[in-house]
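Chain A is fixed; fit chain B onto it per the hints.
Chains as they are written, first to last, in the numbering used here: chain A, 1 to 111; chain B, 1001 to 1115.
Bear in mind the hints are in silico, worked out from the structure with no lab data behind them. Don't take every hint at face value.
Only part of the chain A face toward chain B is listed, based on derived beta-carbon distances under 8 Å [what the hints assert, rightly or not]:
id : residue
1  : R41
2  : K42
3  : P44
4  : L46
5  : G59
6  : F61
7  : Q64
8  : Y71
9  : L88
10 : F101
11 : G104
Computed from a predicted model, the values in this text were never measured in an experiment. By construction, the Cβ of each residue, glycine as well, lies at the ideal position given by its N, Cα and C atoms.
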Amino acid sequence: QKEVEQDPGPLSVPEGAIVSLNCTYSNSAFQYFMWYRQYSRKGPELLMYTYSSGNKEDGRFTAQVDKSSKYISLFIRDSQPSDSATYLCAMSAPTGNQFYFGTGTSLTVIP
Amino acid sequence: DAGVTQSPTHLIKTRGQQVTLRCSPISGHKSVSWYQQVLGQGPQFIFQYYEKEERGRGNFPDRFSARQFPNYSSELNVNALLLGDSALYLCASSLDLGAANEKLFFGSGTQLSVL
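Here chain A stands alone, though its shape is the one from the complex (with noise of 0.2 Å):
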């Protein structure tokens, strides 16, 4: 099993729709969770930080963490055609020193 678990979609919605992404885990010990922003072979963009339960809302972009279900959220409003891009969640654990990364979500928002 994997450490972490990311739909690779593709996902394509239309402009101005709430997008969703999503992430579980296995490992009970990650208790720092981000949101990634990757356009075609280019680096991550780190969009969002969270530690622990709870929610962060920045903008349009909102992040959930239940770490009772061992599930991260990224919720994306009045999505943007420049929104397209692939976003991969990371985690890690307090004593360690790598981030864990799903797959990615390749996402379109059609104009």
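Frame of chain A; chain B shown alone:
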């Protein structure tokens, strides 16, 4: 301020050759990590360095090695290249010792193709 810079951006090698990839972290960042991203997959951890010392190693063969210099820049070396080494190699820097709550900032990567 410059972000994480990596060179070269693209590289083509043949099987059995050796390659060196370079990374300069964000100014003030002391920790550098290397990740391998195969097409269609998420990044996989290779190494973490802090203050010139290796602080973590992922599940990669000994053909992979790295080092960090006094100015915190880093090199990743891969010997005896295999076709399966073809990937995007990402360097990430963080402010301090790569504690789990450190945020990783990535460079644009080096795209390595092994023929």
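Here is what the structure says about each hint:
With a cut of 8 Å, the hint placing R41(A) at the interface with chain B holds, because the nearest CB-to-CB distance is about 6 Å. The criterion of a C-beta within 8 Å of any C-beta in chain B is met by K42(A), whose closest approach is roughly 5 Å, and the hint holds. For P44(A), the interface hint holds, since its Cβ comes within 8 Å of a Cβ in chain B; the closest pair sits about 5 Å apart. About 6 Å separates the beta-carbon of L46(A) from the nearest beta-carbon of chain B, less than 8 Å, and the hint is met.
Hint status for G59(A): violated, given a least beta-carbon distance of 18 Å to chain B, over 8 Å. Proximity of F61(A) to chain B is violated relative to the hint, the smallest CB-CB distance being about 16 Å (cut-off 8 Å). Taken as an interface hint, Q64(A) does not check out: its beta carbon lies about 19 Å from the nearest beta carbon of chain B, beyond 8 Å. Given hint, Y71(A) at the interface with chain B, is violated; its Cβ is 17 Å from that chain's nearest Cβ, farther than 8 Å.
With a least beta-carbon distance of about 6 Å to chain B, the hint placing L88(A) at the interface is held under the 8 Å criterion. Taken as an interface hint, F101(A) checks out: its beta carbon lies about 3 Å from the nearest beta carbon of chain B, inside 8 Å. The interface hint given for G104(A) is met, as the beta carbon of that residue sits about 6 Å from the closest beta carbon of chain B, less than 8 Å.
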